[in-house]
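Visitor: Protein chains in written order, with the working numbering: chain A, 4 to 276; chain B, 408 to 642.
I should point out that these hints are in silico values taken from the structure, not numbers from a laboratory.
Idealized CB from N, CA, C, for every residue including glycine.
There could be a bad hint or two in this list.
Facing chain B, from chain A, some residues (calculated, C-beta under 7 Å) [claimed, not checked]:
(1) Ile30
(2) Phe66
(3) Ser146
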Amino acid sequence: MIQKPVLPKNWVAVGFSQDLEKGQINIVIIEELELVIWRDHKGQAHAWDNRCPHRGTRLSLGFVRGNQLACLYHGWQFGGDGQCVYTPSIPDSTPPKSLKAHTHRCVEFLGLIWVAPLDFEHKDIRGLESHVRDSMDFQPVRSMIIYCSAENIFNRLASIPFPPSRIMSRRLRSISNMRLIRETESVFLWEDDENRTLASYQFREIQPDFVEFNCESEGTADVLLFALQKIDSQKTALHLLLAPENWSSDPISLKLAYAQWSKKLRNQLEQVF
Amino acid sequence: MSSKPNTQKGLYLYDYILSGNCYKVRLFLSFLQLDHELIPIDFFPGFEHKQTEFLELNPLGQIPVLMDDGFVLPDAQAILVYLAAKYDSTEAWYPKDPKLQGRITQWLAFADSITGSCSAARLHDKLGFKLNIEQARKKGHQNLRLLDDHLVENKIVGKDWLVLNRPTIADIACFPYVALAEEGGISLNDYPAARSWINRFKKLPQFIVMPGIPPLHGMKNNEGKFFNQEGLCFS
Ligand SMILES: N[C@@H](CCC(=O)N[C@@H](CS)C(=O)NCC(=O)O)C(=O)O
Ligand code: FES
Chain A
4 MIQKPVLPKN
14 WVAVGFSQDL
24 EKGQINIVII
34 EELELVIWRD
44 HKGQAHAWDN
54 RCPHRGTRLS
64 LGFVRGNQLA
74 CLYHGWQFGG
84 DGQCVYTPSI
94 PDSTPPKSLK
104 AHTHRCVEFL
114 GLIWVAPLDF
124 EHKDIRGLES
134 HVRDSMDFQP
144 VRSMIIYCSA
154 ENIFNRLASI
164 PFPPSRIMSR
174 RLRSISNMRL
184 IRETESVFLW
194 EDDENRTLAS
204 YQFREIQPDF
214 VEFNCESEGT
224 ADVLLFALQK
234 IDSQKTALHL
244 LLAPENWSSD
254 PISLKLAYAQ
264 WSKKLRNQLE
274 QVF
Chain B
408 MSSKPNTQKG
418 LYLYDYILSG
428 NCYKVRLFLS
438 FLQLDHELIP
448 IDFFPGFEHK
458 QTEFLELNPL
468 GQIPVLMDDG
478 FVLPDAQAIL
488 VYLAAKYDST
498 EAWYPKDPKL
508 QGRITQWLAF
518 ADSITGSCSA
528 ARLHDKLGFK
538 LNIEQARKKG
548 HQNLRLLDDH
558 LVENKIVGKD
568 WLVLNRPTIA
578 DIACFPYVAL
588 AEEGGISLND
598 YPAARSWINR
608 FKKLPQFIVM
618 PGIPPLHGMK
628 NNEGKFFNQE
638 GLCFS
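Work the whole structure out from these sequences, hints included.
Guide: And the structure:
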């Protein structure tokens, strides 16, 4: 029997807030479940099953009308709580309470849109907040698709590329033989031929599929957040955030360096071993 | 051909409404606000572009073809360069700068690769053309990833478009078959930067739509006005 996919019981990041404008509608997939995410004109983001309760049309084909989502097929309109509020073919009637889109929890935090099932007990995203180091100024680097399962991403961390160092010192550049050593389950060290440490990586799981990554080299430390969105068994979206020790030096070059670094990471992770 | 221009004077486009390559030229003609006449070619099912009369205009048997006061020019990218050089006195769309022109031309060539992948997949799905669909979609995704990566990195350094912080003919050349990719079974879900770029396009003044490329219905333009079904703005 084919089972209907269900949302996992945790918060899943599905994209950056800045990539969903007022009135915009996107499709996102979490563990094979297709959702529509849309932003109403008040600015509130919503995440629902991508199926109209009327005849099953993809709601993502519809339009945002003010703070309602209108289905393309017969124009039924749904309010932010999923309740059908208008059926154009019977304009004067109040639609029964049973006509409701299948909604999920949807909140924004750290510049990301997060989704969780309605019956998820830790409904307050601030439960996450206390685990993310405060006073850090996280900014989006990018979202990217990696053709690799989330499990394999964690298994393949030993192939993570060397950090983009800001002041790529001559010393570092002249070293040809750097290697990544797994010190402990969550700590990796880059060492040169004489076993001197050039950089260190430390991972900390904040919740499933949401990992803090501490990247230290040449006396500076950058913190990255990896928010993983499992799409299916082959494909994962990575939403990458960055907070360097301080943003002031050259924020644009730094962000760009990490964006380019993330492409190398994707390359490595997609290589079939 | 339905109607051959009986005078050599004026600007004519041999056009097919469903062709993304013809649409790039229509879009640019609209941005430049140039008067022109469309000469419809029965691309499907008539295959008029493969008939003797049309082959005299373009021996490759492809649309679009532009005719400007009797000067016949095939190829969408060539037409974009020609129109910009001749009619865009602001030089905004194809700036007279060697490096920028080199960069733009790189994307014009890339646009043909998008035609060969995303457009091919669409011809397969929509018009039943026989071709290797898996390969077309795979190549389409490779192209979209490259484009999305580039847009991400450009955005970080403050550029909203492929070459500059304003659109050039590089963007016009690449836009149609990216925006139409879903019609060939190539989902844009995985390319948020490309999706935002498509939306930016739709907010440009004088933007026009084609079947398969709807306006930003339900969204607001840069002046805070809503778009209606025709892609026109109202308060
Ligand atoms: N490089 C040409 C390609 C044009 C092209 O592929 N046109 C399609 C219609 S969108 C066509 O005429 N195909 C017929 C064929 O290639 O035989 C351009 O950009 O104008
Ligand atoms: S299927 Fe959505 S309104 Fe009928």
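Visitor: Would the stated hint for Ile30/A survive a check requiring a Cβ distance to chain B of less than 7 Å?
Guide: 5 Å, holds
Visitor: Once the shortest beta carbon distance from Phe66/A to chain B is found, is it less than 7 Å?
Guide: 4 Å, holds
Visitor: Hold the hint about Ser146/A up to the distance rule: shortest CB distance to chain B must be less than 7 Å.
Guide: This interface hint holds because 5 Å falls under the 7 Å limit.
The structure agrees with every numbered hint stated previously.
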